[in-house]
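*Asks:* Protein sequence lines correspond, in order, to chains A and B.
Heads up: the first sequence at position 286 corresponds to 286 in the UniProt record's numbering, and the numbers run straight through without jumps.
Heads up: the second sequence at position 27 corresponds to 27 in the UniProt record's numbering, and the numbers run straight through without jumps.
Worth flagging that the hints you see were computed from the coordinates, not collected in a lab.
It is possible that part of the hints are untrue.
[Unchecked claim] One side only, chain B facing chain A, incomplete, derived with CB under 10 Å:
{"id": "1", "residue": "LEU48"}
{"id": "2", "residue": "CYS57"}
{"id": "3", "residue": "TYR110"}
{"id": "4", "residue": "LYS121"}
{"id": "5", "residue": "GLY243"}
{"id": "6", "residue": "GLY247"}
{"id": "7", "residue": "ARG296"}
{"id": "8", "residue": "GLU315"}
Don't be surprised by glycine CBs; every beta carbon is placed ideally from N, CA and C.
There are 2 protein chains.
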Amino acid sequence: MADSSASPSVKQTLQGYHQLVSADLDRTVRFWLDHSVDDQCGGFFSCLEADGTVYDCTKYSWPMCRQVWMLARLYQEVDRFHQPHVLEAASKGGEFILQHVQEASSCRCYLSLTREGRPLKLQRTIFSEAFFVMAVSELYRVTRHARYKERADATMAKIIHWVRVDSTELGFSVAPPTHVSSLSVPMILLMLIGQMETVEPARTAEFSALGDWCVQQISRHVVDRGANRGGLAVMENVGQDGGLLPGCSGRLMNPGHAIEAGWFLLERAAKTDSESLAALALDIVSSSFRRGWDSRHGGLLSFIDLEDRPPTQLEWDMKMWWPHNEAMIAFLMAYKHTKDDGYLDKFGQVLDYSVKHFVDPEHGEWFGYLSREGVVKINAKGGQWKGFFHVPRALMMCEAMLQELLQTC
Amino acid sequence: MADSSASPSVKQTLQGYHQLVSADLDRTVRFWLDHSVDDQCGGFFSCLEADGTVYDCTKYSWPMCRQVWMLARLYQEVDRFHQPHVLEAASKGGEFILQHVQEASSCRCYLSLTREGRPLKLQRTIFSEAFFVMAVSELYRVTRHARYKERADATMAKIIHWVRVDSTELGFSVAPPTHVSSLSVPMILLMLIGQMETVEPARTAEFSALGDWCVQQISRHVVDRGANRGGLAVMENVGQDGGLLPGCSGRLMNPGHAIEAGWFLLERAAKTDSESLAALALDIVSSSFRRGWDSRHGGLLSFIDLEDRPPTQLEWDMKMWWPHNEAMIAFLMAYKHTKDDGYLDKFGQVLDYSVKHFVDPEHGEWFGYLSREGVVKINAKGGQWKGFFHVPRALMMCEAMLQELLQTC
Chain A
1 MADSSASPSV KQTLQGYHQL VSADLDRTVR FWLDHSVDDQ CGGFFSCLEA DGTVYDCTKY
61 SWPMCRQVWM LARLYQEVDR FHQPHVLEAA SKGGEFILQH VQEASSCRCY LSLTREGRPL
121 KLQRTIFSEA FFVMAVSELY RVTRHARYKE RADATMAKII HWVRVDSTEL GFSVAPPTHV
181 SSLSVPMILL MLIGQMETVE PARTAEFSAL GDWCVQQISR HVVDRGANRG GLAVMENVGQ
241 DGGLLPGCSG RLMNPGHAIE AGWFLLERAA KTDSESLAAL ALDIVSSSFR RGWDSRHGGL
301 LSFIDLEDRP PTQLEWDMKM WWPHNEAMIA FLMAYKHTKD DGYLDKFGQV LDYSVKHFVD
361 PEHGEWFGYL SREGVVKINA KGGQWKGFFH VPRALMMCEA MLQELLQTC
Chain B
1 MADSSASPSV KQTLQGYHQL VSADLDRTVR FWLDHSVDDQ CGGFFSCLEA DGTVYDCTKY
61 SWPMCRQVWM LARLYQEVDR FHQPHVLEAA SKGGEFILQH VQEASSCRCY LSLTREGRPL
121 KLQRTIFSEA FFVMAVSELY RVTRHARYKE RADATMAKII HWVRVDSTEL GFSVAPPTHV
181 SSLSVPMILL MLIGQMETVE PARTAEFSAL GDWCVQQISR HVVDRGANRG GLAVMENVGQ
241 DGGLLPGCSG RLMNPGHAIE AGWFLLERAA KTDSESLAAL ALDIVSSSFR RGWDSRHGGL
301 LSFIDLEDRP PTQLEWDMKM WWPHNEAMIA FLMAYKHTKD DGYLDKFGQV LDYSVKHFVD
361 PEHGEWFGYL SREGVVKINA KGGQWKGFFH VPRALMMCEA MLQELLQTC
């Protein structure tokens, strides 16, 4: 009785989610294939209005490289996207980034370029290079063309060198007086290791020690505040030995980032068969969600000060799309790992907020930036930082997890 | 009859404004002298909570240099602040910036430093250097110590070189493919020229050609869209010949910045006795205010896209304190110049919004960042960019203009 009337069975719930997620993934892929491909100059536009109209032709390497990765991965892993036009879009994007995004001799990658591919900006970070590795290594996975592997390996080696040995080539103008560990660096490196292992499973042992180092580095950002002060807190910046740093940057939390770190660690825990790491990962996801969820208006806040002192990010209380994508992945992965219904409820809570506020069922893809109250503040689907990545990655991963779950329930 | 009953006379209105502005200036000066001075390490804190508590000890060169300038100018120009402790605070701040903010051999100035003065960040722009010149030249004006003049002159020469001859020393990593003129560069240079002329009036002729160049550069940012499309539009970025640039940055308007440019030009027009420049300046102020004022909630928007396409600044609809300070100066200066009551009404409109939303009568100084609806979003009085500058500069200038106006009415 209960299963078919008042409360739906878990299976029905999962089926409902699966249907919703698959339809959204279809719309999202269509939106970007229809509007982002630059047939004239190559590469992808990411500055797209709500209906897909291009509002700026500048090419940004983060969304471009991520789009190449995403298309190649959809081609490789999702049957209905294993189609020539998907691979063709990925490959054409790959040619543009090989030719224009990377300065081959230094392996440095520009942040932005003109429509034609002339460089505009170069950052003093490793992120453009990391997304470049994601893109070309996934293209290698699909095509097995040596030139992709060559670029991926050379750039990966440089990134490891910059992070662990010497960052001089990144061009910092001032040597930092104290060592600050930024959560994003071990996170991005762990993501790259996962990518390399997926592309060439035989190399897993090669990256094992580096993976452990990343896990250890990320763990240093996790501070236990005790049960009556919210439990674990994942700090964006800590000192060399993991201690809390003074000032705003030392009190800064980014709930979406912390939740993403949580599922990175949970994935790693499953791979390395570590239950203690899984427990930490689950705790990170839950406590970061508790800290980040806006009890007043719903949705995840963008930045929090650990001690409720003035936030310095003007957008701190805005609701951005990507933390909600990370939370969807994290809670479904947590549910898959534990079968604890509480995680499935949380997945439903995030999905429900997202469908009501971010999703555009008319044109596809999500809006990116809402006010604290949940009203669309920037009427666009993409920009310098938002491209074909967080939304389809979450939908693709959730679709796959829901399929697996449905097969076993 | 009319003067004393229903509507107050202009004189009464001006007296009311004068009283309000003077009281606010007193509170503001007290707030910063009480809370920002670092007696232990020298220099000024700018990260101050609503009640003045320091929430971050990082030293930021923009607010520090501006505070030195502001204190020295108040000491020099406002009788009730011509007090030893005001000069002492300015001089001590001056010692800190001489010792720590500038790398003397290159004249480059750091953007941020530790509490003790160790450098953290260096930007690829001329702004830290420009505020450094403001600070040390005003200290020279007050003290006539040669070492201040020496630093001011050397740095001013470097800035002119970087802007007009060769920017290599600023450390740009990528040569721009097309020349983009940013409104802030000629504006800041025009501000520096005004400062140099104030400090040493005998040098006015020396800066005359450079001043004309700045006016010409700023004028290139002014586009006439015609009466039915809002009249003049001041663009943040234009091409070398003043043409509209493609993309977001080419459509970007910053109403506060445009209004500030307006009063810079009006001041220049008065100095050079140019009625045509004054007419342009007045038109810039009025049209920028019309474009920037939020008819729905009041207050000035932070960023606008000329064609109402998606703004890229997440904070575009926030109400920030400083555009309101610039508008107060601009409208009162416009009224003083024309005696047109319309400008005085606008001054009153901006002052009224500011008193209701930004001013903190309890602790002094204004809040800096409101939501579009006018609610305080960041509960602080200062930060990396907000210090002892825009509020007291506007209050000091408006107090002086109101005094002048009251003497003649």
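*Asks:* Each hint should be assessed against the structure and marked as holding or not.
*Replies:* Outcome of the hint check:
Interface hint status for B:LEU48: upheld, as the beta-carbon distance to the closest one in chain A is roughly 9 Å, under 10 Å. The criterion of a C-beta within 10 Å of any C-beta in chain A is met by B:CYS57, whose closest approach is roughly 6 Å, and the hint holds. Residue-level restraint check for B:TYR110 holds (minimum Cβ-Cβ distance to chain A is 7 Å; threshold 10 Å). At about 6 Å, the closest approach between the beta carbon of B:LYS121 and any beta carbon in chain A falls short of 10 Å, and the interface hint on this residue holds.
The beta carbon of B:GLY243 is not positioned within 10 Å of any beta carbon in chain A (closest approach about 16 Å), and the interface hint is therefore violated. A least Cβ separation of about 4 Å between B:GLY247 and chain A falls short of the 10 Å threshold, and the interface hint therefore holds. A hinted interface residue such as B:ARG296 counts as satisfied when its beta carbon comes closer than 10 Å to some beta carbon of chain A; here the least separation is about 13 Å, so the hint is violated. Taking 10 Å as the C-beta contact cut-off toward chain A, the hint placing B:GLU315 at the interface holds, the least distance being around 4 Å.
The earlier numbered hints that this structure contradicts are 5 and 7.
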